[in-house]
Each structure stands twice: as C-alpha cells, then as structure tokens.
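Sequences listed follow chains A and B, in order. My numbering numbers the first residue of the first sequence as 4 and each following residue consecutively. My numbering numbers the first residue of the second sequence as 29 and each following residue consecutively.
Hints in this document: simulated from the structure, not taken from any laboratory. There could be a bad hint or two in this list.
Mimicking SDA-like on lysine to any residue, the simulated pairs with C-alpha atoms at most 25 Å apart in a straight line are [unchecked claim]:
#	chain 1	residue 1	chain 2	residue 2
1	B	K106	B	Y143
2	A	K99	A	L7
3	A	K99	B	G120
4	B	K76	B	K165
5	A	K99	B	V41
6	A	K99	A	L109
7	A	K18	B	L87
8	A	K18	B	E155
9	A	K126	A	N112
10	B	K165	A	K53
11	B	K106	B	T55
12	A	K99	A	T123
13	A	K45	A	A124
14	A	K99	B	S160
15	B	K106	B	I53
16	A	K99	B	T88
17	B	K165	A	A124
18	A	K45	B	T88
19	A	K53	A	L12
20	A	K99	B	M157
21	A	K99	A	S62
22	B	K165	A	K45
23	A	K99	B	E83
24	B	K165	A	F117
25	B	K106	B	E83
26	B	K165	A	T123
27	A	K126	A	L9
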Amino acid sequence: MPQLYLFALASQNAKWLHARQSLVAENVANANTPGYRAVDLKPFSTVLEKAGEALAVTSPAHFSGFGDAAAPSAPSDASDATLSGNSVSLENEMAKLGEINRNLSLNTNVQRVFHQMLMTAVK
Amino acid sequence: MLDPIQASLRTAVSGMDAQSVRLRIITENIANAESTGDATGLDPYQRKTVTFASEVDRLTGAQLVRVRNIGVDESPFKMELDPGNPAADERGFVKRPNVDMLVEMADMREANRSYEANLQVARQAGELMNMSVNLLKDV
Chain A
4 MPQLYLFALA SQNAKWLHAR QSLVAENVAN ANTPGYRAVD LKPFSTVLEK AGEALAVTSP
64 AHFSGFGDAA APSAPSDASD ATLSGNSVSL ENEMAKLGEI NRNLSLNTNV QRVFHQMLMT
124 AVK
Chain B
29 MLDPIQASLR TAVSGMDAQS VRLRIITENI ANAESTGDAT GLDPYQRKTV TFASEVDRLT
89 GAQLVRVRNI GVDESPFKME LDPGNPAADE RGFVKRPNVD MLVEMADMRE ANRSYEANLQ
149 VARQAGELMN MSVNLLKDV
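Make a model of the complete structure from these sequences and hints.
Structure, rendered in structure tokens:
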C-alpha cells in the first residue's frame, strides 16, 4: 500500500487556515488603529514547496503539483492606506473570511470522506 | 500559546470592546450637543474623541486593539446670539458645544460597521471550531 500523505497534508492545511483566520481577526480588530499595516500569510502553496512535498520539476514548463491553487494575496502597499496610515480594507478581510470558511469546509469534508473510504477497506 | 482560533476569538472580542467604547463616546457627544454652561461666560460641553492602539496579547501573541485614550476636541466653540440664555456674556453671545451632528453620525456608522466586522469574525471562529469537532461525529 502506498504511503498516504493526505491526513498529514490536510492537517497542515487546517493549521495554515487557522493561522490565517487569526490574522484576519487581528486586521479587523485593528481596522481603526492609526499606523496599523494589514498582515497576511504566504500562500499555502509556497508553504508546501518549502516542506518538500510538492512535485519535483526539472523544467519550468512542468506542473509543480499544487501550483497556483492559492492565489498570492495582494501585498498591502502604501497606496491603499488612509490618512491615519492604516491599510486594512474591511471588504478584503470579509472576502478572506469567506475563503477560509470554504477551504476549511472542503478540508474537513475531504478528511471525512477519506476516512470513510479507509474504513470501508478495513471492514 | 493558545490555538489560533481562540486567539482570533479574543482578538475579535477586543475589537468589539474598543468599538463599543467608541460608540459610547459618540453617544455622549450627541446627547450633549446642546449642553451650554449654566452661568455667564462658562464653557459648554467639549466634544470628546477616542483613539485606538494595537497591543500584543501576552497569552496568544495576537495583536489586540485597545482604547489608547479619550481626549477632547480642542476646536473653537460656535458663538450664537441668545441673550436669554444663562450662559450669555455681556454682549448676549452664548458658547455652543463644538459637536457637529453630521460628523457624529458618520462616526457612528463607521463604528457600527467595524463592530459588525468583528462580530462576523467571532461568528466564523465558532464555525471553524465546529467544523473540526464535527470530524469526530460519524467515526
């Protein structure tokens, strides 16, 4: 039986989503704090690449497995900062919130189904 | 360090706390928009302002928000001719509070919006926790 990385991958992804959720909470709470700069995590795909679980490529034309699944978040630059030096956009944060919700829902459902599959095989 | 979901719940609560203090100050300003002094030459109600600062939560390492200070608006008072008022000076002018209803209303809407956003984050933190717990449901 081949090694199954799915659960390790799923829990890593869940950790990443949880961490992102707490950053969104910080941004929203500080939406009116002068001088506060919005923060975000690096996309999950780059986290994966560092972990060495992505597919190895020998040419830039190859697929890198998880590729661009997570679009890189727009870096918050000075242009969208308000007069008080705050760069939080509530709309942006709400969109991220929805994204986290969807992704974690997908994550937990995949885990459940995968677990069911394993149990079917065992029984 | 606590888990990130609990950290986000605490952060959202700190945001709601800060916004409700802001809402309280706005309410005080609106309630006192007509409060003049009660003797000749006395100053009327002075508009209050509220400022926020972020602070690191020692328990979770998250950036919470807190009210830095509640100050007063130093802009000049409006003068109005009203000789019958007890606060009128010898020329009959009364100092009116430097509260602008329009500004307070706009500020109130913003506080409302920020509070709602924090509430949404708190709600979602609960949902995410539920998702993880529900994995155990039909094992």
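Hints the structure fails to honour: 1, 2, 3, 4, 10, 12, 13, 21, 22 and 25
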